[in-house]
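Using the sequences and the hints, build the whole thing.
As they're listed, the protein sequences go chains H and F. So in our numbering, spot 92 of the first sequence is number 92, and the numbers just go up one at a time. To convert, take the position in the second sequence, counting from 1, and add 1000; that gives our numbering.
Honestly, the hints are just simulated from the structure, not real lab data. Incorrect hints may appear among the rest.
[Stated by the list, open to error] Below 27 Å or equal to it, Euclidean Cα-Cα: the simulated BS3-like pairs (lysine-lysine) are:
no. : chain 1 : residue 1 : chain 2 : residue 2
1   : F       : K1317     : F       : K1252
2   : H       : K237      : H       : K298
3   : H       : K298      : H       : K495
4   : F       : K1081     : H       : K530
5   : F       : K1052     : H       : K124
6   : F       : K1052     : F       : K1252
[To be verified] Restraint-style ranges between C-beta atoms, simulated for each label pair:
no. : chain 1 : residue 1 : chain 2 : residue 2 : range
7   : F       : I1310     : H       : A537      : 50 to 56 Å
8   : F       : Y1141     : H       : K304      : 20 to 26 Å
9   : F       : L1166     : H       : E293      : 26 to 32 Å
10  : F       : V1302     : H       : E332      : 49 to 55 Å
11  : H       : N326      : F       : W1128     : 51 to 57 Å
12  : H       : K420      : F       : A1170     : 47 to 53 Å
13  : F       : P1236     : H       : R516      : 57 to 63 Å
14  : H       : E401      : F       : Q1094     : 54 to 60 Å
15  : F       : L1056     : H       : N326      : 46 to 52 Å
16  : F       : L1056     : H       : E305      : 36 to 42 Å
17  : H       : E305      : F       : P1112     : 33 to 39 Å
18  : H       : N426      : F       : L1169     : 50 to 56 Å
19  : H       : E332      : F       : Q1094     : 39 to 45 Å
[As the list claims (entries may be wrong)] Every beta carbon over 12 Å from chain F, so not counted as near; a handful from chain H, in silico:
no. : residue
20  : P198
21  : A266
22  : V272
23  : P338
24  : N426
25  : Q452
26  : L457
Just so you know, even glycine gets a beta-carbon here, dropped at the ideal spot from N, CA and C.
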Amino acid sequence: MNQPSIHQHPHRPAQGGAVRQQRRGARHRGVSLLMLLLCAAIVLGACSNGGALPSQTTEGGEAAAPEQSGAAAKPVISASIYDRGQVASDEGTYEDNRWTRYINEQSGVQVQWMPIPRNQEADKFNVLIASEQAPDLMSTYNRDFITRWATEGAIQPLDDYIEQYSTSYKNYLAEHPELKPYLTLEDGKMYAIASLRPTRGSTAVFIRQDWLDALKLEMPASVDELLEVARAFRDYKADVVPMAMSTAYQPIVDDWFMARSGEWFAEDGQVVQSFFTERYADAMALRQLAYREGLVDKEYATDKEYSRQRQLWTTGRSGIYFANINDSMLGELLKNEPEAKLAVLPPLETKYGTNGYQLEVPNFLLTAFNKDLADPEAAIRFIDWLIDGGWEPMAFGFEGEHYELRDGIPVTTDLEKWQKEVAYGNEYRLVHQEQLTPDYLRIRAGEDPVDQAIAELKTTIIENSQTYAYRKDIPYVPPVQEYAAIATQFEAKWKEINVRMSMTDTTPEQAVAELRSAWNSLGGEAVTAKVQEWYDANKDKWS
Amino acid sequence: MLEATPHAQTGKRGKRADKLAARRSGLLYYLMRDRYLYLFLVPAISYFFLFKFVTLYGELIAFKDFRLLQGVWGSQWVGFKHFHILLASPDFWQVLRNTLLLNLYSLAVAFPAPIVLAVLLNEVRLSWFKRSVQNMLYLPYFISWVVLGGIIVSLLSPSTGVINSLLGLAGVEPIYFMTDTGWWPVVFSLSTVWQGAGWGTIIYMAAIAAIDPGLYEAAKMDGAGKLRQVWHITLPGIRGTIAILLVLQMGKMMDVGFEQVFNLQNPAVFSVADVISTYVYRTGLQNAQYSLATAVGLFQGVIGLILVLIVNKAVKKLGEGGLW
Chain H
1 MNQPSIHQHP HRPAQGGAVR QQRRGARHRG VSLLMLLLCA AIVLGACSNG
51 GALPSQTTEG GEAAAPEQSG AAAKPVISAS IYDRGQVASD EGTYEDNRWT
101 RYINEQSGVQ VQWMPIPRNQ EADKFNVLIA SEQAPDLMST YNRDFITRWA
151 TEGAIQPLDD YIEQYSTSYK NYLAEHPELK PYLTLEDGKM YAIASLRPTR
201 GSTAVFIRQD WLDALKLEMP ASVDELLEVA RAFRDYKADV VPMAMSTAYQ
251 PIVDDWFMAR SGEWFAEDGQ VVQSFFTERY ADAMALRQLA YREGLVDKEY
301 ATDKEYSRQR QLWTTGRSGI YFANINDSML GELLKNEPEA KLAVLPPLET
351 KYGTNGYQLE VPNFLLTAFN KDLADPEAAI RFIDWLIDGG WEPMAFGFEG
401 EHYELRDGIP VTTDLEKWQK EVAYGNEYRL VHQEQLTPDY LRIRAGEDPV
451 DQAIAELKTT IIENSQTYAY RKDIPYVPPV QEYAAIATQF EAKWKEINVR
501 MSMTDTTPEQ AVAELRSAWN SLGGEAVTAK VQEWYDANKD KWS
Chain F
1001 MLEATPHAQT GKRGKRADKL AARRSGLLYY LMRDRYLYLF LVPAISYFFL
1051 FKFVTLYGEL IAFKDFRLLQ GVWGSQWVGF KHFHILLASP DFWQVLRNTL
1101 LLNLYSLAVA FPAPIVLAVL LNEVRLSWFK RSVQNMLYLP YFISWVVLGG
1151 IIVSLLSPST GVINSLLGLA GVEPIYFMTD TGWWPVVFSL STVWQGAGWG
1201 TIIYMAAIAA IDPGLYEAAK MDGAGKLRQV WHITLPGIRG TIAILLVLQM
1251 GKMMDVGFEQ VFNLQNPAVF SVADVISTYV YRTGLQNAQY SLATAVGLFQ
1301 GVIGLILVLI VNKAVKKLGE GGLW
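This is the structure in structure tokens:
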């Protein structure tokens, strides 16, 4: 029984001689241990140095520029880029690929790109800014961010830089004064650079024309007729879930009733959250009805990435698809079921009238300049180069390799090649001059029947967006800080109430009451008063 | 008889040790004696110093209106303003209640699970069987919650899930577990067991292995059956381990792992599934209300500390070692 206990305490032996030996051994071991630790420290140190390098260079061109004076002395700037996971591995990464190299070779500026996961831009940007690692140019579609960054002092006004350094973008802005209000904040200064969107068409509903024909049904013109069609589709074949969703489902139903969730409306000059208009209760009632009658997927609540919905649509188990103009599942369906014929659902009539589908804000990406931007001249030079035509290859690819010119319009020769090598390049065009028009779409589609069918659908969406008015009382989110402070928390609430209500027997009146109490408990009434104040002061700017 | 106590030491070293023994409570004595052992501690201590103590400085912003431009120190002091906002907000109480409830369920279900599992595994005699079962039990621990969440959602799907097909055979109507506010906490707790119980057995298995086999032999001779042996030898043998893990668990009472909740929740069960970590994510990271989010985190930490102190005391009263 004693032996084990000695073994358990070898560093405390009883005999003196053994002690000395042990101690000498220990010293040796100690020395080698120290060496080991030192080595580890050196390696770790090297690692952390390596880790620190990129962030140092992203702090601004200033630090890096002098070192690179040997190589053509190009100024260096850093910029954010949405990471949509679209860069194939043999194309490289979002930081380094054919388009980043193209930009570095052609623009006269070295740009270091910092990928921002598309669906996590809020937290990613917040963390980068708070830790002072944000890139020189920050691009987003969310105007709220621009407002917040400006009030926090994270970005700077651009008017002087454009005046001083820009020629091409300055001219572009003069030609498109409609952009100005979207780039200018309350203090009258311009905080973002942007070009026009290729099209303002956005959300859309696609419907199986071949199903309508087989059932001898008319294209629905009102919400009630759509429900009739959906019921007919449900009974048309086994296993049909008539309506497939995407993120666009709730907004589209809201838009039919002119009450987009979370947006502000002006009813007789009084601002009000969409939820508290009488129209919103009807939008909720419609979603509840669709759920109860099995017109939508019963399990949509847990289908967070909409993978079930996409599967329903692309395998031909759904006849109506709530999506948007660039949805890639149309092509998937046509590949799986070549006989499928698609049509675009026109705007539908409700008892409140007919509302068009969402008309996007006119601006494309909003690009802001970091307060620490060291070389504004280089940043402007990059923007000027892009708008001058630097953007074109990033939209079409290269002539002979990706497209042929027909009537001056680049026609993609191999769509698959374009998808893989060029599509992701679109995102690097912080500004561009591409405009989608029906002719342009038709010609660009080339000979492929699937591409042509999709181009037809897109054309219809764009035409609809131009002929039907879309009700939007306030052109952008009111930049009222009190509202920004509660918006996310309230969004979690209204999403919950909407989903729960659609799946249970809660009446629309009860649901609205719940929304009201959630809004009030966040101090919503005081917020409404603030927004009213802002509205009264600004309404003349856009109407 | 060869017990290595200081009294048994001889020679110069023994005398020096005696001298030092006079102030043996002194930290220096131990530091000198076991200096190489302490060297091993250096990486861990520097980790805790850098990433736990230094960052405490940032907690200051819970008492300030943090503005990026002015930095942590430059921002304006506002005292307990953010705590007042929190305590006045009904959302916060809901979030707090959900956090505590989910943790209580976990304490009831997920805490005993690895103990039971470890005792069962200990009784398995076929070593290849035992090992393969153990490996399979560890597996979920290494799978990320994104994947586990997806598996759980499809297992429990009312239309295509296995569970509902089985229930269907028994004549039960399909249940949409994931959107039912009654079922969701059950699913959540069981998912905790599924993911962590196997991994949790490791520490108990080690404790069981340290029990003197002589005790079992003696018990067998006295005619004790398997259950008696488990009750009178195995469980008392790992009592101390259970107590320590219980105290540690109490420190997490205010904390529900973000990954797990985030991947299992959906808007329909928000009223029972929104917890402190998701609330902090929304207010702090998404909505950039850094001060408010920090106040929540600080509140959470203080309550957790109090709980640990109380339970540690209680455990010591019961005769166990406790954490300190």
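Evaluated hints:
Between K1317 of chain F and K1252 of chain F the alpha-carbon distance is near 22 Å, which keeps this suggested pair within the 27 Å criterion. At most 27 Å may separate the alpha-carbon atoms for a hinted pair to count; K237 of chain H and K298 of chain H meet this at roughly 17 Å. A distance of roughly 17 Å separates the Cα atoms of K298 of chain H and K495 of chain H; the hinted pair therefore holds under the 27 Å criterion. Between K1081 of chain F and K530 of chain H, the direct Cα distance comes to roughly 21 Å. Compliance with the 27 Å bound is thereby established for this hinted pair.
For a cut-off of 27 Å, the pair hint linking K1052 of chain F to K124 of chain H stands: about 22 Å separates their Cα positions. Proposed proximity of K1052 of chain F and K1252 of chain F is supported: the alpha carbons are some 16 Å apart, at most 27 Å. Range check, I1310 of chain F to A537 of chain H: about 55 Å between beta-carbon atoms, so the 50 to 56 Å window is met. For the hinted restraint 20 to 26 Å between Y1141 of chain F and K304 of chain H, the CB-CB distance of approximately 23 Å keeps it satisfied.
Taking the beta carbon of each, L1166 of chain F and E293 of chain H are about 28 Å apart, inside 26 to 32 Å as hinted. For V1302 of chain F paired with E332 of chain H, a C-beta distance near 53 Å keeps the hint of 49 to 55 Å intact. Roughly 56 Å separates the CB atoms of N326 of chain H and W1128 of chain F, a value that falls within the hinted 51 to 57 Å. Distance hint for K420 of chain H and A1170 of chain F: a CB-CB separation of about 50 Å, consistent with the stated range 47 to 53 Å.
About 58 Å separates the C-beta atoms of P1236 of chain F and R516 of chain H, a value consistent with the hinted range of 57 to 63 Å. The hinted window of 54 to 60 Å between E401 of chain H and Q1094 of chain F holds, with their beta carbons roughly 58 Å apart. Checked against the given bound of 46 to 52 Å, the beta carbons of L1056 of chain F and N326 of chain H, roughly 48 Å apart, stay inside it. A C-beta distance of roughly 38 Å is found between L1056 of chain F and E305 of chain H, which places it inside the suggested range of 36 to 42 Å.
Checked against the given bound of 33 to 39 Å, the beta carbons of E305 of chain H and P1112 of chain F, roughly 35 Å apart, stay inside it. Here the CB-CB span from N426 of chain H to L1169 of chain F is close to 52 Å, well matched to the stated 50 to 56 Å. At about 41 Å, the beta-carbon gap between E332 of chain H and Q1094 of chain F stays in the expected band of 39 to 45 Å. P198 of chain H, annotated as away from the interface, keeps every beta carbon of chain F farther than 12 Å; the closest lies near 29 Å.
With a least beta-carbon separation of about 25 Å from chain F, A266 of chain H lies farther than 12 Å from that chain, consistent with its non-interface assignment. The Cβ of V272 of chain H lies farther than 12 Å from every Cβ of chain F, with a closest approach of about 22 Å, so its non-interface assignment holds. At roughly 28 Å from the closest C-beta of chain F, the C-beta of P338 of chain H stays outside 12 Å, upholding its exclusion from the interface. No beta-carbon of chain F is positioned within 12 Å of the beta-carbon of N426 of chain H; the least distance is around 26 Å.
No beta-carbon of chain F is positioned within 12 Å of the beta-carbon of Q452 of chain H; the least distance is around 36 Å. With a minimum CB-CB distance of about 30 Å to chain F, L457 of chain H clears the 12 Å threshold, and the non-interface call stands.
Comparing the model with each earlier hint shows no violations; every hint is respected.
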